[in-house]
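Participant: Chain by chain, the residues run as shown.
2 protein chains.
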Amino acid sequence: DLLQDIVAAFQPRLLAGRTVLVTAGPTFEAIDPVRGLTNRSSGKMGYAVARAAREAGAEVVLVSGPTALPAPHGVQRIDVVSAQEMFDAVMARVGAAQIFIATAAVADWRPVHVHAQKQKKQEGEGAPAIALQPNPDILATVAALPQPPFCVGFAAESENLAENAAAKRLRKNVPLLVGNLGPDTFGRDDNRLELFDAAGHHPLGSGDKLVLARKLVAEIAARLDRSGG
Amino acid sequence: DLLQDIVAAFQPRLLAGRTVLVTAGPTFEAIDPVRGLTNRSSGKMGYAVARAAREAGAEVVLVSGPTALPAPHGVQRIDVVSAQEMFDAVMARVGAAQIFIATAAVADWRPVHVHAQKQKKQEGEGAPAIALQPNPDILATVAALPQPPFCVGFAAESENLAENAAAKRLRKNVPLLVGNLGPDTFGRDDNRLELFDAAGHHPLGSGDKLVLARKLVAEIAARLDRSGG
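Residue numbers (our numbering), protein chains in the order written: chain P, 1138 to 1366; chain G, 1138 to 1366.
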């Protein structure tokens, strides 16, 4: 609405001159032309982050899995379906980015077999099983580049948030990880976030995803300025 | 838009006094609180059918899997997630309906195990497999009721449309089945449909889903009138 547009226009230009690469949404891992594995991510948090980064003056590239959300104004969106496509789109563009924010809920696994035709129920056959293989780890791969951008991960955890998020930050080797309580927040417009870094963790707050995204952008900008990046 | 609203207001009231139960959208079969099996149905065809039936004067109940679509004006929408939930919602309401139109892309199978917590990647463990069990067949169950409503099925086929759709109509034991070329049409606003009944099959046409939905409503109304239903 109008008030939000006015607020947006007055956001500090904390990321002017930076290029930010954001992933958002779920991935869809095809089983056949119709069916697949996915998750309940709406993409709203990632789209809010992309919008907040754009408001802060950055060039923003948003690599998005399947969602029904419109691209934020001024943001370049690249649509992908699978984790492998998201990996490829990110690796092709990460060299130009100073900041990489991985909000997407990327499937850890994909089916080993993708059938060219829709698989049908067969009378008298037993129920099938879907064999899985691991997907590439986008965030860890970017963080392991010789000259990585400033990498920010997201962790949606259904239990032991602090312990699992801190462990995920070390495993992915990223300076900043944002924890949220996934199943409570999927598809909602508000959120409760916690920041994890080398110094420990502290709450970023709760509320509207765009408000939280602006706070996150300010945290990232402050860290980049401190590191002289 | 305005023109479409005017066109809608002038649709013939072919289903006045009837109650129509419509299913639409995909189902989502949970693996854990975050992940699940689903399909690429957008729900657009089913929502267009619900709207067209409402325009034709029917009371319309729309049982919908997860979509981002708004409910058509004047339609009662019941939101469900899984095939089992859709089955339960349909069986609770089908007694009041004279027409049942099953457009939903219902998952044939669901995972045997639903984990209460998000399943994590474990270092060193092999890739898992997802064991599946069959879901209830909503359309066939409704069609097998002692006094079934007039049942209309949909078939999204990626090959051999005519053969597979005709076989599906007999297997489900429904008087009318609508065939479309699924992978070409998922998520699109236009469609190409073919009707299958006891007399054979003939094209319903191609184009905008709402225009096709109105033609389908007219076909259903004519069959009900012929049968004195």
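Check each hint, because a few of them may be wrong.
Computed list of lysine-lysine pairs in DSSO-like fashion (alpha-carbon distance at most 30 Å, straight line) [to be verified]:
{"id": "1", "chain 1": "G", "residue 1": "1352", "chain 2": "P", "residue 2": "1255"}
{"id": "2", "chain 1": "G", "residue 1": "1255", "chain 2": "G", "residue 2": "1309"}
{"id": "3", "chain 1": "P", "residue 1": "1255", "chain 2": "G", "residue 2": "1255"}
{"id": "4", "chain 1": "P", "residue 1": "1309", "chain 2": "G", "residue 2": "1255"}
{"id": "5", "chain 1": "G", "residue 1": "1309", "chain 2": "P", "residue 2": "1255"}
{"id": "6", "chain 1": "G", "residue 1": "1352", "chain 2": "G", "residue 2": "1305"}
{"id": "7", "chain 1": "P", "residue 1": "1305", "chain 2": "P", "residue 2": "1255"}
{"id": "8", "chain 1": "P", "residue 1": "1255", "chain 2": "G", "residue 2": "1305"}
{"id": "9", "chain 1": "P", "residue 1": "1309", "chain 2": "P", "residue 2": "1352"}
{"id": "10", "chain 1": "P", "residue 1": "1305", "chain 2": "G", "residue 2": "1309"}
{"id": "11", "chain 1": "P", "residue 1": "1352", "chain 2": "G", "residue 2": "1305"}
Only part of the chain G face toward chain P is listed, based on derived beta-carbon distances under 7 Å [as the list claims (entries may be wrong)]:
{"id": "12", "residue": "1153"}
{"id": "13", "residue": "1171"}
{"id": "14", "residue": "1207"}
{"id": "15", "residue": "1296"}
{"id": "16", "residue": "1309"}
Where chain P lies over chain G, by a calculated footprint (3+ residues, C-beta under 8 Å) [what the hints assert, rightly or not]:
{"id": "17", "stretch": "1184-1197"}
{"id": "18", "stretch": "1265-1272"}
These are calculated hints, taken from the structure and not from any lab test. The model shown is predicted, which means the values in this text are computed figures rather than measured ones. Every residue gets a Cβ at the ideal spot worked out from N, C-alpha and C, and that includes glycine.
Participant: For every hint, state whether the structure bears it out.
Facilitator: Evaluated hints:
Of the pairs offered as hints, the one joining residue 1352/G and residue 1255/P holds, with about 27 Å between alpha carbons and a cut-off of 30 Å not exceeded. Taking the CA atoms of residue 1255/G and residue 1309/G, the gap is near 36 Å; set against the 30 Å cutoff, the hint is violated. Of the pairs offered as hints, the one joining residue 1255/P and residue 1255/G holds, with about 28 Å between alpha carbons and a cut-off of 30 Å not exceeded. A hinted pair counts as satisfied when its Cα atoms are at most 30 Å apart, and residue 1309/P with residue 1255/G qualifies at roughly 18 Å.
With a C-alpha separation of about 18 Å, the suggested pair residue 1309/G and residue 1255/P falls inside the 30 Å cut-off, and the hint holds. This hinted pair checks out: residue 1352/G and residue 1305/G have alpha carbons roughly 22 Å apart, not beyond 30 Å. A distance of roughly 37 Å separates the Cα atoms of residue 1305/P and residue 1255/P; the hinted pair therefore is violated under the 30 Å criterion. With a CA separation close to 14 Å, the supplied pair residue 1255/P and residue 1305/G stays within the 30 Å bound.
A hinted pair counts as satisfied when its Cα atoms are at most 30 Å apart, and residue 1309/P with residue 1352/P qualifies at roughly 23 Å. With a C-alpha separation of about 49 Å, the suggested pair residue 1305/P and residue 1309/G falls outside the 30 Å cut-off, and the hint is violated. For a cut-off of 30 Å, the pair hint linking residue 1352/P to residue 1305/G is broken: about 54 Å separates their Cα positions. At about 33 Å, the closest approach between the beta carbon of residue 1153/G and any beta carbon in chain P exceeds 7 Å, and the interface hint on this residue is violated.
The beta carbon of residue 1171/G comes within 5 Å of a beta carbon in chain P, closer than 7 Å, and the hint placing it at the interface holds. Interface hint at residue 1207/G: violated, since its Cβ lies 11 Å from the closest Cβ of chain P, which is beyond the 7 Å cut-off. Annotation: interface hint on residue 1296/G holds; nearest CB of chain P at approximately 5 Å, less than 7 Å. Given the 7 Å rule on beta carbons, the hint for residue 1309/G is violated: about 12 Å separates it from the nearest Cβ of chain P.
With 0 residues having a beta carbon nearer than 8 Å to a beta carbon of chain P, the stretch 1184-1197 of chain G misses the requirement of three or more and the stated coverage is violated. Here the stretch 1265-1272 of chain G counts 7 residues with a CB under 8 Å from a CB of chain P, which clears the bar of 3, and the coverage holds.
Comparing the model with each numbered hint stated earlier shows that hints 2, 7, 10, 11, 12, 14, 16, 17 do not hold.
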